Every structure is written in C-alpha cells, then in structure tokens.
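*Asks:* Sequence:
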Amino acid sequence: MSDQPEVAVVRWPDRAPPVGDGLAGLLAAYHLRTEAEKGAPVAGVDGLPDRYRAEITDPRSAFADDVVLVALVGDAAVGCVVATRPDHGHSEVKRLWTDPESRGRGVASALLSAAFAQAAENGADTVRLSVWTWRTGAITLYERLGFTVTESWDERDQLVCMQRAL
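Just so we're aligned, residue 597 is where the sequence shown starts under my numbering, counting upward by one.
FYI, nobody ran anything at the bench for these hints, they're computed from the structure.
Only a predicted model underlies this, so the values are computations on that prediction, with no experimental measurement involved.
Ideal placement from N, C-alpha and C gives every residue a C-beta, glycine not left out.
Worth double-checking, as some hints may not be accurate.
[As the list claims (entries may be wrong)] Derived DEER-like restraints, expressed as beta-carbon distance ranges: (1) Ala632 - Trp749: 21 to 29 Å; (2) Ser709 - Trp730: 24 to 32 Å; (3) Thr722 - Pro609: 20 to 28 Å; (4) Asp646 - Thr746: 12 to 20 Å; (5) Glu751 - Asp683: 12 to 20 Å; (6) Ser705 - Thr729: 15 to 23 Å; (7) Gly635 - Glu717: 23 to 31 Å; (8) Arg699 - Lys634: 19 to 27 Å.
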C-alpha cells in the first residue's frame with residue numbers, strides 16, 4: 597500500500613472542473629525555467645518571447661490542433677504534456693513538465709503513457725521529442741520509456757532529438 601496520492605491524467609479542456617489556471621501555471625513554470633537554463637532568465641511571464649507567452653495566456657488557441665494532457669492530484673494540476681497531431685506517422689510530445697514538488701511520483705511517466713495512447717489513437721506510429729542536453733533526468737526517463745536518440749530535425753544547439761515506436 598502506498599501513501600502517495602493517485603495521479604489522474606485528463607485531457608484539457610475536456611476536464612471539469614476547469615484546470616486552465618493550473619495549466620497556465622505549469623506552462624509558465626516550464627518556460628521560465630527553460631529560459632533560465634538557456635542563460636536568458638526573465639523576471640516573469642511578460643518577459644517571455646511572444647510565442648511562449650501566448651501558450652500561457654491562450655493555450656486553447658496555441659494548442660488548437662494538439663492534445664493537452666494534465667496530471668491531477670485531487671483537483672490540483674501537477675503536470676502537463678502536449679501531443680501534436682500526427683504528421684507523416686509522427687506525433688511529437690512537448691512541454692512535458694511536472695511541478696517540482698510532485699516529481700518522483702510517476703507523474704511524467706503517467707503523462708507520457710497517456711500521450712502514447714493518444715498518439716496511437718490518432719494514427720501515429722512513432723512519437724518523437726526534442727530535449728535540451730542539460731536535462732539529463734528527462735533524457736534518462738525518455739530512454740527508460742524506450743526513446744532512442746535519432747537524427748536531428750531541429751538544428752538548435754544543445755538539443756537532442758529522440759523517438760520511439762508505438
């Protein structure tokens with residue numbers, strides 16, 4: 597028996613009660629941390645590039661063609677991931693983020709499992725992602741879940757591209 601609370605993964609915005617504020621907070625934390633790790637820290641959401649700020653302020657429009665999954669513990673949003681619509685058999689997962697206080701509880705694994713199921717349901721045969729080289733914990737998780745490094749489709753420096761078959 598575990599004393600860890602149960603993690604539920606729901607599709608946003610289908611979830612009631614709404615988790616929009618929790619999703620916005622998760623996306624903001626993701627982007628602020630990423631900018632800091634890239635050596636370009638900003639004081640708040642208003643300092644983020646327009647495209648990232650748009651994801652936070654209007655995720656419904658920013659991810660209109662994608663599936664957004666949110667991990668909940670009770671009614672609290674503790675993690676998120678975006679799965680893109682399949683293109684040539686590939687779906688991409690992006691914006692995987694778990695609230696630091698909820699890490700080590702299987703949140704990211706649950707989100708990715710749900711993203712794999714969603715991608716397969718939408719006709720994808722492969723899931724791919726890109727991750728910064730310094731996110732070694734994330735890379736280890738991805739490798740544990742069957743991802744392998746593949747030829748880059750994104751030429752940004754220090755970005756690793758990975759994929760796995762469904």
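*Asks:* Compare the structure with each hint and give your call.
*Replies:* Hint-by-hint comparison with the structure:
1. The hinted range of 21 to 29 Å is satisfied by Ala632 and Trp749, whose Cβ atoms lie roughly 25 Å apart.
2. Hint check: Ser709 to Trp730, Cβ distance near 25 Å, so the stated range 24 to 32 Å holds.
3. For the pair Thr722 and Pro609, the beta carbons lie near 27 Å from each other, so the given range of 20 to 28 Å is met.
4. Checked against the hint of 12 to 20 Å, the C-beta distance between Asp646 and Thr746 comes to roughly 30 Å, which is inconsistent with it.
5. Taking the beta carbon of each, Glu751 and Asp683 are about 18 Å apart, inside 12 to 20 Å as hinted.
6. Against the hinted window of 15 to 23 Å, the Cβ-Cβ separation of Ser705 and Thr729 comes to about 22 Å, which satisfies the hint.
7. A hinted range of 23 to 31 Å for the beta carbons of Gly635 and Glu717 is inconsistent with their spacing of about 39 Å.
8. The given range of 19 to 27 Å is respected by Arg699 and Lys634, whose C-beta atoms sit roughly 21 Å from each other.
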